[in-house]
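Number of protein chains: 2
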Amino acid sequence: MTNFIDIAPFVVFGCAVIALIFSMYQFVSVKRKPEGTDQMIAIGAKIRKGAMAYLKRQYKTVGIFFAVMFVILLILAFTGFLTKFVPFAFLTGGFFSGLSGFIGMKIATYANTRTANGAREGLNKGLKIAFASGSVMGLTVVGLGLFDVSAWFIILKYFFKLGVDDIMAAMLTFGMGASSMALFARVGGGIFTKAADVGADLVGKVEAGIPEDDPRNPACIADNVGDNVGDVAGMGADLYESYVGSIISCGALATAAGLGFNGVLVPMLIAAIGIIASIVGTFFVSTKEGADQKALLGSLRRGTYASAILSAIGSAVLIFTLLPENSNVFWAVISGLLAGVLIGFFTEYYTSDSYKPTQKLAGSSETGSATIIIDGIALGMQSTAIPVIIIGISVIVSYFTAGGASDFASGLYGVGLSAVGMLATLGITLATDAYGPVADNAGGIAEMSGLPGEVRNRTDALDSLGNTTAATGKGFAIGSAALTALALIVSYTDKIKTLGGELNLSITNPAVLIGLFVGAMLPFLFSALTMKAVGRAAQKIVIEVRRQFKEIKGLMEGKAEADYATCVDICTKSSLKEMILPAALGIIAPIVVGLVLGVNGVVGMLAGALVSGFVLAIMMANSGGAWDNAKKFIEAGHYNGKGSENHKAAVVGDTVGDPFKDTSGPSVNILIKLLSMVSIVFASIVVAYGGMGLF
Amino acid sequence: MTNFIDIAPFVVFGCAVIALIFSMYQFVSVKRKPEGTDQMIAIGAKIRKGAMAYLKRQYKTVGIFFAVMFVILLILAFTGFLTKFVPFAFLTGGFFSGLSGFIGMKIATYANTRTANGAREGLNKGLKIAFASGSVMGLTVVGLGLFDVSAWFIILKYFFKLGVDDIMAAMLTFGMGASSMALFARVGGGIFTKAADVGADLVGKVEAGIPEDDPRNPACIADNVGDNVGDVAGMGADLYESYVGSIISCGALATAAGLGFNGVLVPMLIAAIGIIASIVGTFFVSTKEGADQKALLGSLRRGTYASAILSAIGSAVLIFTLLPENSNVFWAVISGLLAGVLIGFFTEYYTSDSYKPTQKLAGSSETGSATIIIDGIALGMQSTAIPVIIIGISVIVSYFTAGGASDFASGLYGVGLSAVGMLATLGITLATDAYGPVADNAGGIAEMSGLPGEVRNRTDALDSLGNTTAATGKGFAIGSAALTALALIVSYTDKIKTLGGELNLSITNPAVLIGLFVGAMLPFLFSALTMKAVGRAAQKIVIEVRRQFKEIKGLMEGKAEADYATCVDICTKSSLKEMILPAALGIIAPIVVGLVLGVNGVVGMLAGALVSGFVLAIMMANSGGAWDNAKKFIEAGHYNGKGSENHKAAVVGDTVGDPFKDTSGPSVNILIKLLSMVSIVFASIVVAYGGMGLF
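Keeping their order, the protein sequence lines are chains S and H.
Counted the way my numbering counts, the first sequence spans residues 1 to 695.
Counted the way my numbering counts, the second sequence spans residues 1 to 695.
Hints in this document: simulated from the structure, not taken from any laboratory.
Note that this is a predicted model, so its numbers are computed, not measured.
Be a bit skeptical, because a hint or two may be false.
Said to hold, decoys possible - If you want a taste of the chain S side facing chain H, the calculated C-beta under 10 angstroms gives, among others:
(1) Ala151
(2) Ile155
(3) Thr367
(4) Ala511
(5) Leu529
(6) Leu555
(7) Asn600
Said to hold, decoys possible - Below, simulated DSSO-like cross-link-like pairs (lysine-lysine); rule was C-alpha separation at most 27 angstroms, straight line:
(8) S:Lys356 - H:Lys46
(9) H:Lys49 - S:Lys360
(10) H:Lys648 - S:Lys205
(11) S:Lys540 - S:Lys46
(12) H:Lys360 - S:Lys648
(13) H:Lys33 - S:Lys540
(14) H:Lys125 - H:Lys360
(15) H:Lys60 - H:Lys49
(16) H:Lys46 - H:Lys642
(17) S:Lys46 - S:Lys550
(18) S:Lys46 - S:Lys31
(19) S:Lys205 - H:Lys360
(20) S:Lys360 - H:Lys125
(21) H:Lys84 - H:Lys128
(22) H:Lys577 - S:Lys632
(23) H:Lys356 - S:Lys573
(24) H:Lys128 - S:Lys540
(25) H:Lys356 - S:Lys356
(26) S:Lys642 - H:Lys648
(27) H:Lys356 - S:Lys577
(28) S:Lys33 - S:Lys49
(29) S:Lys648 - H:Lys356
(30) H:Lys33 - H:Lys128
(31) S:Lys648 - H:Lys550
(32) S:Lys205 - H:Lys128
(33) H:Lys46 - H:Lys161
(34) S:Lys550 - H:Lys648
(35) H:Lys205 - S:Lys360
(36) H:Lys360 - S:Lys540
(37) H:Lys553 - S:Lys642
(38) S:Lys648 - H:Lys648
(39) H:Lys33 - H:Lys49
(40) S:Lys497 - S:Lys205
Glycine included, C-beta positions come from ideal geometry on N, C-alpha and C.
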C-alpha cells in the first residue's frame with residue numbers, strides 16, 4: 001500500500017482537476033443556450049453588470065484588509081511567532097475562496113436569462129439549465145477547495161520536505177484566509193441582497209402597490225443583483241470555507257492522534273471520492289418531459305442519494321485499505337453523512353409548507369402580524385432541539401467508533417471525519433442549493449421582460465423546489481460548521497500544547513467560564529450588527545426609490561425608465577461599508593479575549609460561540625425559512641390568499657425573516673469557524689503575552 | 001468573636017423577623033387607606049377575586065407536582081441516595097416561595113384601588129401608597145427568605161447537631177423546592193398575564209377600536225388580574241428563589257473552600273445587614289407635595305442608593321471582623337453590588353425612551369412593523385454585550401480578591417459572595433420594582449371606573465416611573481441569576497467529588513461538549529414552549545371576547561355588562577395547563593442528560609444553559625422593554641403620535657415583546673438555576689447509573 005500512499009496526494013489533485021474540468025464543460029454548455037428576447041438580454045446584462053461591479057469593489061475593499069493582515073502576519077513570521085508559509089497560505093485561502101464565489105456568480109448571471117428562456121418551453125428545460133448552473137457552482141467549490149488543499153500539501157511535502165505536523169499548521173492558516181474572505185462575502189453580499197429586497201418591497205409592494213420585480217421599481221435590478229452577490233457569491237465563498245475547513249481541521253486532528261500521513265490523507269481521499277460521486281450523481285438528475293414538481297424533486301433527490309451511497313461505498317473501501325487498524329472510523333464518516341441528511345430533513349420539516357409547522361404558522365396570520373412573528377420565532381427556537389440531538393448522537397458515534405474510549409485523540413479524529421463525511425458530496429448538494437437563486441432570478445427576469453404568466457408560474461415552481469432543496473443544503477452547511485468548529489477547537493488546544501502553553505480547560509476555571517459567556521454573546525452581537533446594517537442600507541434604498549418615484553416623471557405609468565444603477569450603487573457602497581464592523585469583530589474578538597483571559601479563556605470563548613452560534617443560526621435560518629414559505633402558502637390561496645389581511649401579516653413575517661435567514665444566520669456559521677482559525681493563527685502571541693498575569 | 005459567631009444565626013433570624021414585622025406594619029397601614037368610589041371598590045374586588053381564584057388553583061396544581069416529587073425524594077432518602085432532610089427541605093422551599101408570591105399579590109390587590117384613589121388627590125400620594133405596597137413585597141420576600149434559611153440552619157445545627165457540610169447539602173434541596181415553585185409561578189403567571197393582555201389588545205384595541213382597560217372589553221378584568229398573578233406573584237416567587245439561592249449556594253461554596261461556619265455565616269449576615277439597610281432606605285423615599293416626575297425618580301433612587309451604601313459599610317465591618325485573613329472578599333461583595341447597579345443602568349439605557357436606542361427604535365416605525373421588529377431584536381441582541389462584560393469583570397474581581405490565584409475554592413467563594421452582595425439590598429430594589437404593576441393596575445381601575453383624565457395621567461406617570469425602576473430591578477435579577485447559577489454549578493462539581501464521581505470537565509471531553517450543546521439549546525426550546533403557550537392561550541381569549549361582543553346585546557354601547565369571569569377562568573385554565581410542559585423540561589432535562597452523558601455531561605449542560613440562557617434572557621427582556629417604551633414614546637406625540645401608522649407598527653412591536661419580556665425572558669432566569677438545583681439533588685443517581693457505560 002505504500003505505493004498508493006505516495007501517489008495519493010496526486011490522485012486527490014487529479015480528482016480536483018476533474019471536478020474543475022467537468023464544471024468548465026457545464027459552464028460552456030450552459031453559456032451556449034439561447035438567452036431569449038432582446039429585453040431579457042438587456043435585463044440580464046444589467047444584472048450581470050451590477051453584480052460584477054459589486055464584486056470588483058468588494059474585492060478591492062477586502063484586498064486592503066488582506067494586505068494589512070498579510071503585513072501583520074509577515075511581521076509575525078519574521079519575529080518568529082509564525083512559520084514563513086503562514087502569510088502566503090493566508091493569502092491563497094482568501095484568494096480561492098473569493099474565486100469560488102466569483103465563478104459561481106459568473107455562471108449564475110449567465111444562467112438566469114437562459115433558465116427563464118428555457119422555462120418558456122417547459123418546466124424541465126428550465127430545471128436542467130438552472131441545475132447545470134448549480135452544478136458548476138458546486139463542482140467549482142469542491143474542485144477549487146480540494147485543488148488548493150492538495151496543491152499546498154504537495155508543495156509543502158515534496159518541495160519543502162516538511163513534516164506532517166508543520167504541513168497541517170501551515171494549512172490551518174490557509175483556512176483562516178478562506179474564512180475571512182467567506183465572512184466578508186457572506187456579510188457584504190447578505191447585506192446587499194436583503195437591503196435591496198427589503199427596500200424594494202417596502203416602497204414598491206407596500207407603498208406603490210406594484211408587484212415584486214416590476215420594472216417600474218427602481219430597486220428591482222438591485223434586488224436581482226443581490227440574489228447573485230449574496231445567495232450565490234456569498235454562499236460559494238461560505239461553503240468553500242466549510243469544505244476546506246473540514247478537511248484541514250480533520251487533517252490536523254490526525255496529526256494530533258499520531259496517525260501520520262495516512263491519517264491526513266484519509267479526509268482528502270474521502271473528499272476526492274465525494275467529488276467523483278457527485279459528478280456521477282449529476283447524471284441521475286433528469287426527468288421525462290411533462291414531469292410534475294414531485295417528479296422533479298424526486299429527480300434531484302435521486303442525484304443526491306446516489307452520490308451519498310457511492311461516496312459511502314468508496315469511503316468504506318478506502319478506510320478498510322488505508323487504516324486497517326482503525327477501520328471503525330468508517331462509521332464516523334457514515335454518521336456525518338447521515339447527520340447531514342437528517343438535519344436537512346428536519347430543516348425541511350420545519351420550513352416547508354408541505355408540513356404542519358409552517359402551515360400552522362400561516363394560520364397565525366389570522367390574528368395579525370404580531371402573532372405570526374411570535375409564532376415564527378417560537379418555531380425557529382423549537383426547531384433547534386432536534387439538530388442539537390442529531391449532532392450529539394453523531395459526535396458520540398464518531399468519537400467512540402474511532403476509538404475515543406481508549407484514546408482521546410483518535411476519538412476526536414473520528415469527529416473530524418464525520419464533518420468530512422457530511423461535506424463529501426457537497427458537489428451535488430451545493431448544486432441543488434445554488435440552483436435556487438438562479439431560478440429566483442429567472443422569475444424576476446420573466447416578470448421584468450413581460451413574459452407570459454405561465455413562464456412565471458414555471459419559474460415559481462422551480463424557485464419553490466429550490467427552497468426545498470436549499471433546506472437540505474442548509475442542513476449540511478450548519479451541521480458541518482458545528483463539527484468543523486469543534487475540530488478546530490481541538491486543533492487549537494493541540495497547538496497550545498505544542499507551543500508550551502498551560503491548559504486548564506475545566507469549566508470551573510474562571511477564565512474558561514468568562515470565555516464561555518463572552519463566546520455565547522458574540523453571535524448575538526454579530527447578528528445585531530448585521531441586522532442593523534441591513535436596516536440602515538434598506539433605509540437608504542427606500543429614500544432613493546421614493547425620490548425616483550417622485551422626481552422621474554412617467555415612471556409609474558411605465559413611460560420612463562427608472563435609474564436602476566443608482567440603487568445598485570447605493571447597495572454596493574453601503575454593504576461594503578457595513579460589512580467592516582461585523583467582520584472585524586470576528587477577527588479582533590479572539591485576540592482581545594486571548595490577551596485578557598489567556599489561552600483557556602480563548603477555548604471557553606470558542607466553545608461558547610460554537611454552541612450559542614449553532615443554536616442561533618438554526619433558529620434564524622428556520623424562522624426565516626418558515627415565514628417565507630408561510631407567505632407562499634397563503635399566496636397559494638390558503639387563509640384568504642394574496643392581498644388579504646392574512647397575506648399582509650405574512651409579508652411582515654417574511655420581511656423580518658429576510659435578514660434572519662440570508663444575512664445574519666448564515667454569517668454566524670462562518671463566524672464560529674473564523675474565531676477558531678484566528679485563534680489558531682495568533683496562538684503564539686496569546687501564549688506569550690495573554691492573560692494579564694492573572695490567568 | 002466566638003461569642004458573636006454562636007449567636008449570629010439568631011441575629012440573622014432576628015433581622016428576618018424585623019423585616020416581616022415591618023412589612024406587616026406597612027401592609028396594615030396601606031390597607032387602612034380609603035379605597036375610593038363604590039365602582040372602584042367593586043372593580044378592585046373583582047380583580048382580587050380573580051387573582052385569588054387563580055392562585056388557589058395554581059397551588060392545587062403545583063401541589064400535585066410537589067406531592068409526587070416529595071414521594072420520589074422520600075423513596076430516594078429511604079434507599080440511601082439522599083439524606084432524610086431532603087424531602088422536607090424541598091417542601092418548605094416550595095411552600096415559602098409560594099407564600100412570598102401570595103403575600104405580595106395580596107397587598108398588591110389591596111393597594112391598586114388605593115393607589116388610584118390616592119392619585120385622585122395627587123401624584124405624591126399615589127406614589128406613596130404604591131411604593132409602600134412594593135416595600136411590603138420586597139421585605140416579605142427577603143424576610144421570608146432569610147427566615148427560612150436561618151431557621152433551617154438553626155434547626156439542623158442546634159437540634160440535629162449536623163456538621164456544616166451536611167447542613168449545606170440539605171439546604172440546597174430547599175433551593176430546589178423554591179426554584180420549582182418559582183418556575184411554575186413565573187411560567188403560569190407569565191402565560192396568564194400575557195394571554196390576557198395580548199387577547200384583550202387584539203380584539204379590544206385592534207378590532208373593536210376601544211381603549212385599553214375599557215370596561216366594555218370582557219378581557220379587561222383578566223388583564224388586570226394577570227398583572228397581579230404574573231408581574232407580582234410570579235416575580236415574588238422568582239426573586240425569593242434568587243435571594244435564597246444566592247445565599248445557600250454561597251454557603252455551599254464556603255464549605256467547599258473549607259471556611260467552616262464563619263464562611264457560611266458571612267452570606268447570611270450580609271443578607272441580614274442588607275435587610276436593615278433596605279428598611280432604613282425606605283424612609284428616604286418621600287417628596288414634597290407637587291414634586292415632578294424627575295423628583296419622584298430622584299426620591300426612589302435616593303432610597304436605593306442609601307441602602308446600597310449602608311449595606312456596603314455594614315458588610316465591610318462584618319467581613320473585617322469575621323474573616324480577618326480573608327478580608328479582601330469585601331471587594332467581591334462590592335463588585336457584585338456595583339455589577340447589579342451597572343447592569344441595571346444599561347438595561348435602562350437600552351430600554352428607556354429617555355435614551356437614544358429606544359428613541360431610534362421608535363423611528364424605525366417610519367418604515368412599518370417589519371423594520372421595528374428587526375431593529376428591536378437587533379437592539380436586544382446588541383444589549384447583551386455590556387452585561388456579559390460586566391459579569392466577566394465582576395467574576396474576575398471577586399475571584400481574585402477572594403484569593404483565587406492561590407486557592408481555587410476561595411476564589412469561587414468570592415464569586416458566590418458577589419451574588420449575595422448584588423442581592424443584599426433586594427428588599428428595596430424589589431420594592432421599587434414591585435410598585436410598577438400596582439401603578440399599572442391603578443391606571444386600569446381609574447379607566448374602568450371612569451375617573452377624570454388627570455387621575456389616569458397621574459397613574460400613567462407612576463407607571464412609566466415604574467418601568468424605569470423596574471429596569472434596575474431586572475438588572476439585579478438577571479445578574480444575580482448568572483452568578484448564582486455559576487455558584488451552583490461549582491457546588492454541583494463539589495457534590496460529585498464528595499460522592500466519588502469521576503470528573504473530567506475539560507471542554508474537549510465529548511460528554512462536556514455535547515452537554516454544552518444541549519444546554520445552549522434548552523433556553524431556546526423552553527422559550528419556544530412558553531411563547532407558544534401564550535399564543536394558544538391568547539387565541540382562546542380572542543375567540544371568547546369575539547363571542548361576547550357578538551352575543552351580549554348592548555355590550556358595545558355600555559348598556560350591558562361583560563362576562564369578565566369567563567375570561568379570567570379561561571386564562572386560569574389554559575395557563576395552568578400550559579405551564580406543565582416547560583416546567584417539566586427544567587426538571588427532566590438534567591436527569592435525562594445525566595443518565596445519558598454522565599456527570600461531566602451534566603456540568604456541560606449547566607454551563608451551556610447558563611451562558612446561552614443569560615444572553616437570551618437579556619435579549620428578550622431588553623427587546624421587549626424597548627418595544628414597550630418605543631410605543632409609549634410615540635404615544636407621547638413623537639413620530640405622528642397615537643393612532644398613526646407609526647403607532648400601529650409600534651403596537652405590533654409591543655405585542656411581540658410582551659411574551660419576550662414578561663413570560664419567556666424572566667422564566668429563563670429561573671430555568672438556569674432550577675437545572676442546577678435538580679442536578680445537585682439527583683447527583684447520587686447520576687453518579688451511580690449515568691453515562692451509559694460510555695462516559
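Consistency of the hints with the structure:
Nearest Cβ of chain H to the Cβ of S:Ala151: about 31 angstroms, over the 10 angstroms cut. The hint is violated. Contact between S:Ile155 and chain H, as hinted, is not supported at the beta carbon level, the nearest pair being about 31 angstroms apart and thus beyond 10 angstroms. Here the hint on S:Thr367 is kept, as its CB sits about 6 angstroms from the closest CB of chain H, short of 10 angstroms. Below 10 angstroms, beta-carbon pairs count as interface contacts, and S:Ala511 has one with chain H at about 9 angstroms; its hint therefore holds.
Contact between S:Leu529 and chain H, as hinted, is supported at the beta carbon level, the nearest pair being about 7 angstroms apart and thus within 10 angstroms. This hint is violated: S:Leu555 has a C-beta 21 angstroms from the nearest C-beta of chain H, more than the 10 angstroms allowed. The beta carbon of S:Asn600 comes within 9 angstroms of a beta carbon in chain H, closer than 10 angstroms, and the hint placing it at the interface holds. Between S:Lys356 and H:Lys46, the direct Cα distance comes to roughly 40 angstroms. Violation of the 27 angstroms bound is thereby established for this hinted pair.
For the proposed pair H:Lys49 and S:Lys360, the alpha carbon gap of about 36 angstroms is over 27 angstroms, so the pair is violated. As the CA atoms of H:Lys648 and S:Lys205 are separated by approximately 19 angstroms, the hinted pair is consistent with the 27 angstroms bound. A hinted pair counts as satisfied when its Cα atoms are at most 27 angstroms apart, and S:Lys540 with S:Lys46 qualifies at roughly 21 angstroms. For the hint linking H:Lys360 to S:Lys648, the alpha-carbon distance of about 25 angstroms falls within 27 angstroms, and the restraint holds.
Taken as a hint, the H:Lys33 and S:Lys540 pair is broken in the structure, with Cα atoms around 57 angstroms apart against an allowance of 27 angstroms. For the hint linking H:Lys125 to H:Lys360, the alpha-carbon distance of about 34 angstroms lies beyond 27 angstroms, and the restraint is violated. For the proposed pair H:Lys60 and H:Lys49, the alpha carbon gap of about 17 angstroms is at most 27 angstroms, so the pair holds. Between the alpha carbons of H:Lys46 and H:Lys642 the distance comes to roughly 30 angstroms, so the proposed pair goes past 27 angstroms and is violated.
Taking the CA atoms of S:Lys46 and S:Lys550, the gap is near 23 angstroms; set against the 27 angstroms cutoff, the hint holds. For the proposed pair S:Lys46 and S:Lys31, the alpha carbon gap of about 17 angstroms is at most 27 angstroms, so the pair holds. The straight-line distance between the Cα atoms of S:Lys205 and H:Lys360 is roughly 25 angstroms, inside the 27 angstroms bound, and the hint therefore holds. Distance check on the hinted pair: S:Lys360 and H:Lys125 sit about 50 angstroms apart at the alpha-carbon level, beyond 27 angstroms; violated.
Taking the CA atoms of H:Lys84 and H:Lys128, the gap is about 47 angstroms. The hint is violated against a cut of 27 angstroms. For the hint pairing H:Lys577 with S:Lys632, the CA-to-CA distance comes to about 33 angstroms; that exceeds 27 angstroms, so the pair is violated. A hinted pair counts as satisfied when its Cα atoms are at most 27 angstroms apart, and H:Lys356 with S:Lys573 qualifies at roughly 26 angstroms. About 49 angstroms separates the Cα atoms of H:Lys128 and S:Lys540, which puts this hinted pair outside 27 angstroms; it is violated.
With a CA separation close to 41 angstroms, the supplied pair H:Lys356 and S:Lys356 exceeds the 27 angstroms bound. Taking the CA atoms of S:Lys642 and H:Lys648, the gap is near 22 angstroms; set against the 27 angstroms cutoff, the hint holds. With a CA separation close to 22 angstroms, the supplied pair H:Lys356 and S:Lys577 stays within the 27 angstroms bound. A C-alpha spacing of about 20 angstroms is found between S:Lys33 and S:Lys49, which places the hinted pair at or below 27 angstroms, so the restraint holds.
For a cut-off of 27 angstroms, the pair hint linking S:Lys648 to H:Lys356 is broken: about 30 angstroms separates their Cα positions. For the suggested pair H:Lys33 and H:Lys128, the alpha carbons sit about 11 angstroms apart, so the restraint of at most 27 angstroms is met. Note on S:Lys648 and H:Lys550: the hinted pairing holds, with a Cα-Cα distance of about 26 angstroms set against a maximum of 27 angstroms. Under the criterion of a C-alpha separation no larger than 27 angstroms, the hint pairing S:Lys205 with H:Lys128 is inconsistent with the structure, at around 52 angstroms.
At most 27 angstroms may separate the alpha-carbon atoms for a hinted pair to count; H:Lys46 and H:Lys161 exceed this at roughly 50 angstroms. With a C-alpha separation of about 26 angstroms, the suggested pair S:Lys550 and H:Lys648 falls inside the 27 angstroms cut-off, and the hint holds. At most 27 angstroms may separate the alpha-carbon atoms for a hinted pair to count; H:Lys205 and S:Lys360 meet this at roughly 25 angstroms. Among the hinted pairs, H:Lys360 with S:Lys540 is consistent with the structure: their alpha-carbon atoms are about 16 angstroms apart, no more than 27 angstroms.
Of the supplied pair hints, the one linking H:Lys553 and S:Lys642 is violated, its CA atoms being roughly 35 angstroms apart against a limit of 27 angstroms. Restraint check for S:Lys648 and H:Lys648: the C-alpha separation of about 14 angstroms stays at or below 27 angstroms, so the hint holds. Under the criterion of a C-alpha separation no larger than 27 angstroms, the hint pairing H:Lys33 with H:Lys49 is consistent with the structure, at around 20 angstroms. For the hint linking S:Lys497 to S:Lys205, the alpha-carbon distance of about 58 angstroms lies beyond 27 angstroms, and the restraint is violated.
Of the numbered hints stated above, those contradicted by the structure are hints 1, 2, 6, 8, 9, 13, 14, 16, 20, 21, 22, 24, 25, 29, 32, 33, 37 and 40, listed in ascending order.
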